[in-house]
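Chains A and B are the protein sequences, given in the same order. Going by the numbering used here, the first sequence opens with residue 14, and the numbers climb by one from there. Going by the numbering used here, the second sequence opens with residue 14, and the numbers climb by one from there.
Please note that the accuracy of each hint is not assured.
What the hints assert, rightly or not - Each computed SDA-like pair below joins lysine to any residue, with the alpha-carbon atoms no more than 20 Å apart: (1) Lys227/B / Arg304/A; (2) Lys27/A / Lys227/A; (3) Lys196/A / Gly33/B; (4) Lys27/B / His338/B; (5) Lys196/B / Ala237/A; (6) Lys227/A / His338/B; (7) Lys227/B / Ala306/A.
In short, the hints are calculated from the structure, not lab data. Keep in mind that this is a model prediction, so the values were computed, not measured.
Letter by letter, the chains look like this.
Number of protein chains: 2
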Amino acid sequence: MLVSAGYLRELAEKTLLVHGVGEANAHLQAELLIEAELRELPSHGLQRLPRLVARLNAGLADPRATGVARETRPAVLTVDGERGLGPVVMMHALDRLAGLASSKGIALAAIRNANHIGMLAYYAEAAAAQNLIGIVLTTSEALVHPYGGTEAMLGTNPIAIGIPTGTDPYILDLATSRVSMGKIHHHALTGTPIPENWAVDGQGRRTTDPEAAKAGAIAPFGEAKGYGLGLGIELLVAALAGSAFAPEVGGTLDATEVANKGDILILIDPAAGEGSAAGLAPYLERLRASRPADPARPVAVPGDGMRTRRGRALTRGVEVPDHLHEEIRALAEG
Amino acid sequence: MLVSAGYLRELAEKTLLVHGVGEANAHLQAELLIEAELRELPSHGLQRLPRLVARLNAGLADPRATGVARETRPAVLTVDGERGLGPVVMMHALDRLAGLASSKGIALAAIRNANHIGMLAYYAEAAAAQNLIGIVLTTSEALVHPYGGTEAMLGTNPIAIGIPTGTDPYILDLATSRVSMGKIHHHALTGTPIPENWAVDGQGRRTTDPEAAKAGAIAPFGEAKGYGLGLGIELLVAALAGSAFAPEVGGTLDATEVANKGDILILIDPAAGEGSAAGLAPYLERLRASRPADPARPVAVPGDGMRTRRGRALTRGVEVPDHLHEEIRALAEG
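Extracted from the complex, chain A is given alone in its bound form (with noise of 0.2 Å):
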């Protein structure tokens, strides 16, 4: 059904209420499955409401933690989530890290202990908000084949970075896997075969059959290139955040195991440099006005779709499964 984000936001944070969750955490946390809606994100919206639900009550998520941040330099906080709702703890670490990148320049929270971060541009786009530049990287389950390997070794370990321009932000937000899993378990759902070079099954073989691919691993995105951004961020996260490595990962995808993924915010003040935020945006420009390849398909600045379906959704509504409203509906009532 098509219904408004703003009775979406009210559903998700009285869902959240009713579950033990305080106010504010609720309403940081609904934002997040609600921004990723209109973004058209589904894997990242309501659909783990259900989920975040079963981990309050199996005290896996604490609904009032906040997070404990530790000053080990002046330019380093590392965080322990105390098993915190990830938008919660991600955003007080956001804050107080703010403070540090104007006095300091740079500076870096290392997070771990914490729930599911969800969609990153969110927190790229609240760096770029108040003029920082953010960098935010976090690991996962392992779902992705090392490049030249078969088995699942790897998180999808996704970027995301926020650039200030003096215009819209340039943010940019992506996997290290081909694919995102949610996008597998969707063609499995209808039935349609996936391309050949996604994903490979449980017995390491290429296949197009989405449930075959479900029990084995995606392929990193671009080849021995993109397997190298992934591993770099696995190794980063782990050696900073002191997280867990893919393979001995849990708590993102379940409602049984403790988050023990790890979570890093790099936040860049650009008034220390000698460039200036505002001359980017007139390159973009230029990058946009440039000849595409496709006459009827301008190129695109990442970020430009996101905001484009994030305005006609917040105009047209959200689009819902039933069966998921349905069950939000019912989670609602406590």
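Chain A is fixed; fit chain B onto it per the hints.
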């Protein structure tokens, strides 16, 4: 001809000394060129030396400059490279930045007005050798088209990441272009067609003709994701270093323009985090031992191949084209 790395290093140093470069600077610049040759990366090796000499002779490269660093914030240096040799300015910045990174936990240097810095892996290794995580970014002339575009609007914008692991460091060094322009030149020289997805010609049409591709643009690696990453690097470097955007960049492929690209160096002290560098090596061992797609080709970790090639070349020698050797020998005579 096959010659020893030691011979080549002496020859390169002598060539630089004869053209007014001070001893320490000549040593460092020669080292970058030879280390690229040892890793079978000739595009960043001795073939750059004649152009470098021309740049010295034209006053576009200052043989003595080491760069002037300004601490704009406690964890940020901005560096005016004073037209110095790229490796000289970079290593001076790295040495000073290492102190900041150790005390502040993380530190960033934004460098402009330095010549081509060569193979990025060198700096990532230098950071890891000091038990620091190193992230290196640089920009270049416009050689890469946007995803969905056809005009050269972006640099090849490489990134290197060095992470100490307890044993061999993790060393990633990749351009965000599908291939290097050097590789396309190599196809042109040998008269072999290029794969269809590498490049477009001057009219923006996909081409397999390397000569046509030289007048066109290279595709980004990894489609939209690689484009986003390359563009993010373009923006980060320009915003912080105050350097030019790719369409206005000159000076790394010619002997007529001042080098106006930018370079970024970020160093992080892993001891400021909660993880353990020594914990990374066992995970990388598991990765190497995981099931390969081809039983004859074990899974590799970025840095592995480079170390193998380097070790082999130290024993066997380095293959240098006769004409290049003659050209450099003539330059070494002054």
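Hint-by-hint comparison with the structure:
A threshold of 20 Å between alpha carbons decides the hint, and for Lys227/B with Arg304/A the separation of about 18 Å falls inside it, so the pair holds. Simply put, Lys27/A and Lys227/A have alpha-carbon atoms about 33 Å apart, too far for the 20 Å limit, and the pair is violated. Proximity of Lys196/A to Gly33/B is assessed by CA-CA distance (about 60 Å); at most 20 Å being required, the pair is judged violated. For a cut-off of 20 Å, the pair hint linking Lys27/B to His338/B stands: about 13 Å separates their Cα positions.
For the suggested pair Lys196/B and Ala237/A, the alpha carbons sit about 17 Å apart, so the restraint of at most 20 Å is met. This hinted pair does not check out: Lys227/A and His338/B have alpha carbons roughly 55 Å apart, beyond 20 Å. A threshold of 20 Å between alpha carbons decides the hint, and for Lys227/B with Ala306/A the separation of about 18 Å falls inside it, so the pair holds.
When the structure is compared with the earlier hints, violations turn up for hints 2, 3 and 6 and for no others.
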